[in-house]
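Asker: Using the sequences plus the hints, can you model the full thing?
Protein chains in written order, with the working numbering: chain A, 1 to 402; chain B, 1001 to 1249.
Think of the hints as simulated: they come from the structure by calculation, not from any bench. Please note: incorrect hints may appear among the correct ones.
Claimed, not checked - Below 25 Å or equal to it, Euclidean Cα-Cα: the simulated SDA-like pairs (lysine to any residue) are:
#1 A/Lys59 / A/Tyr13
#2 B/Lys1139 / A/Asp363
#3 B/Lys1151 / A/Leu367
#4 B/Lys1122 / B/Leu1109
#5 A/Lys365 / B/Glu1071
#6 A/Lys365 / B/Asn1036
#7 A/Lys316 / A/Gly260
#8 B/Lys1243 / B/Glu1015
#9 B/Lys1108 / A/Leu367
#10 A/Lys94 / A/Asn174
#11 B/Lys1123 / B/Arg1140
#12 B/Lys1014 / B/Asp1057
#13 A/Lys365 / B/Glu1015
#14 B/Lys1139 / A/Met362
#15 A/Lys365 / B/Pro1094
#16 A/Lys73 / A/Lys158
#17 A/Lys393 / A/Asn148
#18 B/Lys1151 / A/Ser366
#19 A/Lys365 / B/Glu1012
#20 A/Lys328 / B/Glu1089
#21 A/Lys393 / B/Thr1097
#22 A/Lys328 / B/Thr1097
#23 A/Lys64 / A/Ser324
Each chain is listed here by its residues.
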Amino acid sequence: MSNASAIKETVYYKAETAQIFAPIIALAQNAANDLPAAVAEKQKLAHNLFTQYGVPYPKLERWKYSNFYPVLKKMDLAPAALTDIWHGDLSFVKPIKDMISEQWVQDLLCATAPQSDEIKDDNAFWYLNDLQNVQGWVIDIPANTSVNQALLLKTVNKDNTYNAERILIRVGRNSRLVMDEQHQHETNDHAYFKNWVTQIVLEDNAELVHTRNQDDSLKAAYVQNTAVTLGRDARYYGLTLNKGAHMFRNQYHIVFEGEGAHASVRSSADVGADQHIDLTTCMYHNVKSCTSDQIVRNVLHDKATGVFQGKVYVAKGADYTDGSQSSKALLLSPLASMHAKPELEIYADEVKCAHGATCGAMDEKSLFYARSRGIPYEDARAMLVAAFLEEVKDGLPLTTGE
Amino acid sequence: MISIKNLHARIEEKEIIKGLSLEIEAGKVHAIMGPNGAGKSTLASIIAGREEYEVTDGEILMNGKNLLDLEPEERAAEGVFMAFQYPLEIPGVPMNTFMRTALNAQRKLRGEDELDSLAYLKKIKPLAKTLGVSDDMLKRALNEGCSGGEKKRNEVLQMAMLEPTFAVLDETDSGLDIDALRVVADGVNALRNEQRSFLVITHYQRLLDYIKPDVVHVLADGRIVETGGPELALRLEEEGYAKFVGEAA
Chain A
1 MSNASAIKET VYYKAETAQI FAPIIALAQN AANDLPAAVA EKQKLAHNLF TQYGVPYPKL
61 ERWKYSNFYP VLKKMDLAPA ALTDIWHGDL SFVKPIKDMI SEQWVQDLLC ATAPQSDEIK
121 DDNAFWYLND LQNVQGWVID IPANTSVNQA LLLKTVNKDN TYNAERILIR VGRNSRLVMD
181 EQHQHETNDH AYFKNWVTQI VLEDNAELVH TRNQDDSLKA AYVQNTAVTL GRDARYYGLT
241 LNKGAHMFRN QYHIVFEGEG AHASVRSSAD VGADQHIDLT TCMYHNVKSC TSDQIVRNVL
301 HDKATGVFQG KVYVAKGADY TDGSQSSKAL LLSPLASMHA KPELEIYADE VKCAHGATCG
361 AMDEKSLFYA RSRGIPYEDA RAMLVAAFLE EVKDGLPLTT GE
Chain B
1001 MISIKNLHAR IEEKEIIKGL SLEIEAGKVH AIMGPNGAGK STLASIIAGR EEYEVTDGEI
1061 LMNGKNLLDL EPEERAAEGV FMAFQYPLEI PGVPMNTFMR TALNAQRKLR GEDELDSLAY
1121 LKKIKPLAKT LGVSDDMLKR ALNEGCSGGE KKRNEVLQMA MLEPTFAVLD ETDSGLDIDA
1181 LRVVADGVNA LRNEQRSFLV ITHYQRLLDY IKPDVVHVLA DGRIVETGGP ELALRLEEEG
1241 YAKFVGEAA
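Answerer: Listed below in structure tokens is the structure:
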């Protein structure tokens, strides 16, 4: 493509973005008042960046497989208040507005979007979320606290709504938290757009088990940015089980800041129709002796599409890094498709990084084996699919209070 | 009684079974021996219902039904069991889950009540113990990380649990050392009774020292070319299959 037509295309997408989000941007700007100066400043900057870059378009490397324009254009979006319901020990959960005077909260709200040093265009959804970055929750677990009961978040969105939500989680030194998000829907006719940013700070030796049951409406679009920083010996276990959504971009930015830390990102999908489930990750191994694993298992029916873009970055000097990625897809229809793209960027010498990706049909031999024992075809198939999806849970500390 | 009549089968364009007939009375153990490529494993697969073989002629009658008209799971419920030459590994499905699902699926197809987990465990524990299948193996994913011997013991355990009326053992001796062979053979022998028929497919006579057949057949080039008593197996061990390979060609 020539430079001139590239510019023309960018202009086109910017215009599209403005059209889709004009009412949302206008309202968000009016709502901003009596905020700390730094946060107000950040919102202004985000507004400029969002209008400058627009919603990411497929010409951008990391958005090649996931184009949100056609989906968002069909919606008539109006901003919505939060609909979240929390269960568990609510003394740990507070609205961001009530915590805004705390420095660490402001620091997170004003943090630079993770990839902004590289390609600013990639982060437009983060900027868009920044416009309403005080709408959401702070979860603050003090040091040396093991929260026995899981914190459970249930969220349901209405038709034609835009839902920006920010969640800030800090788990103190030697503390442990289990958080479970249930993303539900009322009916599959409801078209809505969720644009969430979750920022997680794990202090030394902290552990967070973070599960997400994604059962959004089949007409919903959902972009989730989850940014995690890990202190020394901290552990993050992120598991997403996908069932719903028309289009879901699940994006992780994980930064190791202390040695001996571990992060797992796991995702399974059992989806059909024209569903599109995208997991895009960046693991930044900036320090020595950290481990990470990424396991993706997608079962794709009908015209469903799966995307896995998994990046492992190992900085110079980050020796003894062990990072693995495994993506497997079961394609149960000739029209289903899977795009798997592992990326390794390694500048250290002593590193173990494994990656593997497979794509295939159901294993007929295993199916026959089960049937020869008397298990009917449909049951045998369901059993094998369930077992395949279960692999994402391997080795995760999913039970509480251990 | 199982009655195979004039069976013809092919895979793609290649005819492998070329007019095979065989009758196995209730309670009898028949052995099929033969050179490589004679069609031994193909016959086992066809009995169990594997779909890549096309049966062009003939029938396999059991309890008055033609097995060829039934799905693999229906054959299992009728009492057919095949011990695989290469048992599959099923990641993520524990042996216990697999076995109980299979047992109850068969019971359901036969219109019987399902076994609850207590009744199931009561049934499998003593059998597993006899066959040297540990509790740990029962809880682990089916055959995953198991040695060849463990997989074959698992097959015999499944057979003991499912109590078939017609068991086909496809090269069950392959990959077994002598100790493992003895355990597997003892397991099979314990299941012999007046109602249950066996078809033991093997390349080597060795297995038949442990599982004593009533009748021995030689399969060569898709047909039964000779039938005799246990002494036939011994003769084959001495003479080899050269004679039959020559005859068939």
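Asker: Hint numbers the structure violates, sorted upward?
Answerer: Checked against the structure, no hint fails, so every one of them is satisfied.
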